[in-house]
Amino acid sequence: MTLLNFSIYDFSALINSIDAWLVETFSPTLGHLIGLVLVGTCFLIFTALLGLSLVYIERKICAFFQQRLGPMRVGFWGTAQTVADIIKLLFKESLITKKSDKFLFNLAAFVIMMAPFIVLSAIPFAKGLQALDLNIGLFFIISVSSIGVTGILLAGWSSNNKYSLIGAMRSGAQIVSYELSVAISLMTIVILTGSLQLSEIIASQSDGWWIFKGNIPAIIAFGVYIIASTAETNRGPFDMAEAESEITAGFHTEYSGIKFAFFFLAEYVNFFIISAVGATVFFGGWMPLHIGDATFFNSAMDVIPPIVWFFGKIAVIMFFIMWFKWTFPRLRIDQLLTLEWKYLLPISIINLLLMSIVALKGWHF
Amino acid sequence: MGAESLILFFIFGILLVGGGIVVSYLIAPSSKNAIKDEAYECGIPTKGESWVQFRVGYYLFAILFLIFEVETIFMIPWAVVMKDLGMVAFVEIIIFLAIVLLGLLYAWNRGALKWD
Numbered sequence: 001m002t003l004l005n006f007s008i009y010d011f012s013a014l015i016n017s018i019d020a021w022l023v024e025t026f027s028p029t030l031g032h033l034i035g036l037v038l039v040g041t042c043f044l045i046f047t048a049l050l051g052l053s054l055v056y057i058e059r060k061i062c063a064f065f066q067q068r069l070g071p072m073r074v075g076f077w078g079t080a081q082t083v084a085d086i087i088k089l090l091f092k093e094s095l096i097t098k099k100s101d102k103f104l105f106n107l108a109a110f111v112i113m114m115a116p117f118i119v120l121s122a123i124p125f126a127k128g129l130q131a132l133d134l135n136i137g138l139f140f141i142i143s144v145s146s147i148g149v150t151g152i153l154l155a156g157w158s159s160n161n162k163y164s165l166i167g168a169m170r171s172g173a174q175i176v177s178y179e180l181s182v183a184i185s186l187m188t189i190v191i192l193t194g195s196l197q198l199s200e201i202i203a204s205q206s207d208g209w210w211i212f213k214g215n216i217p218a219i220i221a222f223g224v225y226i227i228a229s230t231a232e233t234n235r236g237p238f239d240m241a242e243a244e245s246e247i248t249a250g251f252h253t254e255y256s257g258i259k260f261a262f263f264f265l266a267e268y269v270n271f272f273i274i275s276a277v278g279a280t281v282f283f284g285g286w287m288p289l290h291i292g293d294a295t296f297f298n299s300a301m302d303v304i305p306p307i308v309w310f311f312g313k314i315a316v317i318m319f320f321i322m323w324f325k326w327t328f329p330r331l332r333i334d335q336l337l338t339l340e341w342k343y344l345l346p347i348s349i350i351n352l353l354l355m356s357i358v359a360l361k362g363w364h365f
Numbered sequence: 001m002g003a004e005s006l007i008l009f010f011i012f013g014i015l016l017v018g019g020g021i022v023v024s025y026l027i028a029p030s031s032k033n034a035i036k037d038e039a040y041e042c043g044i045p046t047k048g049e050s051w052v053q054f055r056v057g058y059y060l061f062a063i064l065f066l067i068f069e070v071e072t073i074f075m076i077p078w079a080v081v082m083k084d085l086g087m088v089a090f091v092e093i094i095i096f097l098a099i100v101l102l103g104l105l106y107a108w109n110r111g112a113l114k115w116d
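Here the protein sequences line up with chains A and B, keeping their order. Under our numbering, read the first sequence as residues 1 to 365, first letter to last. Under our numbering, read the second sequence as residues 1 to 116, first letter to last.
To be clear, the hints were calculated from the coordinates, so they are not data collected in a lab. Please note that a few of the clues may not be correct.
Partial list, derived from the structure: chain A residues whose beta carbon lies under 8 Å from chain B [claimed, not checked]:
| # | residue |
| --- | --- |
| 1 | F117 |
| 2 | Y163 |
| 3 | I304 |
| 4 | L354 |
| 5 | S356 |
Cβ atoms here follow ideal geometry from the backbone N, Cα and C, with glycine treated the same way.
Only chain A is shown next, with the shape it has when bound in the complex (with noise of 0.2 Å):
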């Protein structure tokens, strides 16, 4: 038996060790199986503490945003209270109303809360630390998140309920739309990178990253995403498929119980993930900071590990987004789409063609 070589800079030799462990004491097809079961495990247990830790901490960044405490009696400083709200769940009863299709109620609970885990694997948490290093990865990544809006505009129809189809109409109208903005401002920087692969375009950051070294077009591309993901995933200012005030709960409205909790954490493992694509692209995702070929502060910078690094950028991102949500108000469904179509949409295409522009000519780092 090999000795478990725990780095906390480079997960992939406590990956590979595992690995040839696994198929050492099993055989080689039983030890792979076990592997990715083992996998697969991992991902679900992030997922779950994910969803736990940030409903906790958008629920306490709202309270003192708003001078209020926030969560503050189960466990020390309401740590404990999304665990009770979960477990709570679970006993409630799960409502099914008679007029409802069943099939597709239960169905969109299901394409709702996989597209974003599915989407959890291709995501780089730090050096070797990737479930699927796809050489289409951002593609991947782009395409089956947009498989989401099919289980809210499941959900809104199925329900037969007339806030619950508003309100997906209206969330499915804002996430198609939005999605372009994404996907083109995201393109803005593929154009540097020059391939789609996640841990090629990490490494194409190794000396300084993208929102620094791409020149105007990318600090224009990385407003443009922040907005449109931000709307992508149904967050405020942007939230008006759940406006509380005017249609109960939007696509949810008549789910109950377990069932809406996996809305809820879809809704939140979403705004990971587009943190983390963010993260990854414009900011070097798990790559330290470094300047081009200044030795001393590379190597200052290398001490602090790449999981740091990159559950750090994350959380800058998410303060922004939370942030946005407490101080705009929220938008009607007019100037949202005005938003994108008129503005967002031309002003992406023209920042990417900009950005050609800078890779032709060499005007990037």
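Chain A is already provided as a structure; the job is to place chain B on it using the hints.
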């Protein structure tokens, strides 16, 4: 891990949701009554179906989306090889985008983007 492990994530996704639903089904109480079967709308009995024809504005945006999504799919391989192909790729994408943006301008001009 290879791309075949996508199947794994598919299975575990089903396990995640299905497991939650099954556990909830086993431990949650269940008491049926007629009021619970009603849609959560406004308290008084619901009038009519919700499966109705919906306003056409949403479908116009869906059609516009289709055009631009196909355009985006065309542009993804373009963006990957843009730097290698150089000027040729740039001129070609300008022609391509001009045609697509003309479509957007047409829709804009005909009032497809107006919401009233």
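Here is how each hint holds up against the structure:
no.: 1; hint: F117; result: holds, 4 Å
no.: 2; hint: Y163; result: holds, 7 Å
no.: 3; hint: I304; result: violated, 27 Å
no.: 4; hint: L354; result: violated, 11 Å
no.: 5; hint: S356; result: holds, 5 Å
Consistency note: the structure conflicts with the earlier hints numbered 3, 4.
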